[in-house]
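Starting from the known structure of chain A, arrange chain B on it as the hints suggest.
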Amino acid sequence: MEVGELALLSSRIVDAISEVYIGNRDVVEKTLAAALVNGNVLFEDHPGLGKTLLAKAFSRVLGLDYRRVQFTPDLLPADIVGTKVWRQNTGTFELVMGPVFTNVLLADEINRAPPKTQSALLEAMEERQVTIEGETLKLERPFFVMATQNPIEYEGTYPLPEAQLDRFLLRLSVGYPKTLEDEIAILEARLRWKKDDPTVDLKPVIDRKTFLEMQRTVEESVYVSKPVLRYIAELIRNARADGRVEAGPSPRGALALLKVAKTSAAMEGRDFVIPDDVKKFAFEALSHRVAIKTEYSFEGITGREVVEKALQVTHVPKESEE
Amino acid sequence: MDRVRVAILVFLLSSLMVLSLSFTYIPKKGLNLSGIKEELSSEANPQKGMKSTVDVENLREQKVGKVPPDADFTFKPTTEKASCPVVIRPTDPFLVCVDTPAKGIPIKEGSYWDMLVKYKGLYYVPLEGHRLIKGINDHAYLRTDKPLVLSHPGGEFSIWVNSFFPGRLVPVNSKYLVVSNISQPYVMYHWRITYEIDKNAPPGYYPLFFLLNSSNGTIANALLTWVEVLPKAIVRITSMPPQLSGNGTLKMTVSGTVTYFNGSPVKGGTITITINRTKSEKGIVVGKGNVVNGTFNVGCSIPPDAIGKYSVVAHYRGPYAYPGNSDPEVVIKRHPSIDANVTVSDNLTFVRGLVHYGASPLNGSVVVLARRGKEVVKIRQNLKNGTFSVRLDGKVDEVEVIYGGSGFYLPTRKLVYKKNGLLLESFHVNLRLGDSTVLILLPISLLAVAGAGFLVAKKGNGVPKEDASEAEGVNHSKEVSLARRVFLPGEEVELSVPPECDVLLDGKTVKGSLRLSTPGKHLLEICGRAFEIYVLPPKEAITKLYELHFLPFARAAAYVDNRTPYEIARAFGSTDFFRDAMQVARIFTLARYSLRDIGERDFWEMVEAMERMGVFE
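Residue numbers (this note's numbering), protein chains in the order written: chain A, 1 to 322; chain B, 1 to 617.
For the record, the hints were derived by calculation from the structure and aren't laboratory data. There could be a bad hint or two in this list.
Every beta carbon over 12 Å from chain B, so not counted as near; a handful from chain A, in silico [to be verified]: (1) I22; (2) T52; (3) L76; (4) V85; (5) W86; (6) R87; (7) P115; (8) E123; (9) T131; (10) D196; (11) K209; (12) Y223; (13) G243; (14) G300.
With a straight-line Cα cutoff of 25 Å, these simulated BS3-like cross-link-like pairs (lysine-lysine) come out [stated by the list, open to error]: (15) A:K226 x B:K521; (16) B:K333 x B:K414; (17) B:K384 x A:K226; (18) B:K267 x B:K333; (19) B:K539 x B:K511; (20) B:K232 x B:K251.
We put the CB at the ideal spot given by N, CA and C, even for glycine.
Same shape as in the complex, but just chain A (with noise of 0.2 Å):
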């Protein structure tokens, strides 16, 4: 596939899920280019503000297998990943697949339960595989994880471990409508669609095949130079050295930001990365890997101040080579 018709491709698939998903396409196109390359994507904001809906209609028109687990504080791991059942009749324990074995994984409200839960989706977030009281399973690709999370202050939730954090290549924050205007169109639109959940009627504009086509074109086609694999570097070896910073992104932030700005250049139609394409994700890559002191966060420091801070310091090459 040419780079030029994968961004056709991104674009008509952006379009049909703006047509439920009204008022901010940003997000759409960014949750798009984790999905290229099979990125786990954390949505995280206050409720009420589209989370779900979004992963659904991403699901939908992807043209993906998906299942959605509702994290509740009384979930358990084998909820989500499966477990052997011993069937009497048979006398063998039989292999009862979880909600896991699917494409698209819809982990709503993830911090709705305890860590122990949450941490049963390590493995199959980062390894796309998971172990069954011994035995190992590989996932069908394309397989990421879509979670939404409502932020920690909310009553009955559990913040994420930083390990699992690291494992979401973005986390967006979806926000309020940003325009009068864009609440309006939201009420319009459920009119017109007269009922409440408008993915249903949602048709994929691809198939599995074509989209496993469009991740090897990003994993292919996409040329990265020198430079902006040097200024990654830079960026991620800044936001580090920051004083208020307890743990700065890991090597997986660098490799995350590299991934998704090559998603970025091949959706816009180009076979190479530029340093607007490593900027453009760097909050949404970065951000969610910064801890912050603690008598930082006291002041309202967090991992975005740090990244914008980054950015400003970091050299954008422009420079010829001597």
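Just chain B now, with coordinates in the frame of chain A:
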């Protein structure tokens, strides 16, 4: 969007047939494209009939008429089986089907986009500046650099077509438009297509179709843009003063005629008067007026800093004819100012002064008249950088300074001192004399005309060139600068420097033209000043050009810090430079961050964009 996709297939099958264009008839009424949506629900009254010629004047009546035009053809949405022509509204693309050929959609005054649709066909109107064009091809990744080209019978024009897909671009010939050249695709699938317009082409709007078939056969796009062919206008200035003199803003009236070749008057349009020092420069706008029945009278205001010999150019622009201009010359002379400081003591009198116009010190000579009782002391002195200095023995009663005039500066005189120690004028030194940056009196600046590959030594920098005899004895400031420092291997540079200047490349004397054949860094010495120049293949040359020339230029406008090339370009968003800045960013990013083959044409394209921005000045 389904109907859009259906229309693509219809278009792709039928477009070649459709493109055998026949010119239709003169509109009596038209439809404003901005009203298409409203027209969808109304039943209009289609009129039949075709005519093979177009009456331009009648056509223009429609465009500038005060009565809002209405529809003279019907629209209805396309269906799956529709084979009829369609129209897309440029600002809000959607497909409609035209049952009968459009008789005319008048161009809305002041609108850039609305245009005439006169031909039966499937229309696609590009949305310039929007990457994702929704139209008959859903998101068509094809763009042109111009939404509408203006030309004239017998004329030639070029249009750039950009695509996000590789493939084969097929521009389509028509009866009056012949593709004379199509460049090979380069840089982001970028074609330049040159058309020649038949000299017998009737005035009107001609659609241009391009078909792009992707290399893997999966995608095909089509694009339509337009060329407006107008008869040429002949502009003549019949009356204007040959010379103006005085200070401050000067007034003059420029009168003239605008006619077609057959002598008939052009009905309307606007005339812009500029004064240009050379034909190639943009000129200073000094007046604007209207053409009424082929004549114009434009009151012009010449700005205070204009001095010397100028071409007065009357530019015609309007919907009635292809732009034309006329350029007789006017000489503008100015009265210079004399500033002087007179110090009188019992034994000595010092008179020091400056002759200047604005910030420019003048050449020539002054006569200092000092009256001492009945005795008159007369001292003639050549100016040095506009300054003079006279020492007299004893006290004086009165001092007058007389400037004899020079070049475009009129003679002037001024009483600068009277008896009783009354100082009439204090010495206002507005000029930083001795500072090379303001020694604009006959500086020698070396200008590389980048696009042409010439090195030209130019005398004068805002100050009119004066007679050589008068300039004798003047201390020339040799301020040498080199505009472009990056060259392609094999680039031939013609040297045009003053005879007193030596030119050395890597220590070897160069005469005449200079062929820069060896890649690498070189030392070019001109008039004793050394410059590092680079001879590099296109890819490296582009990045060096960006680093050496564009970044300092952008930095001067505070547009750099840690911004990306596109962020820098977007920072020019509110300026006239935006388009060229984006062009520079596009080519630079390709050269710096991609593996694409970069050719000489990309280099020159970047040079031209930077020239337009004034980077090399």
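Hints breached by this structure: 12, 17, 18, 19 and 20
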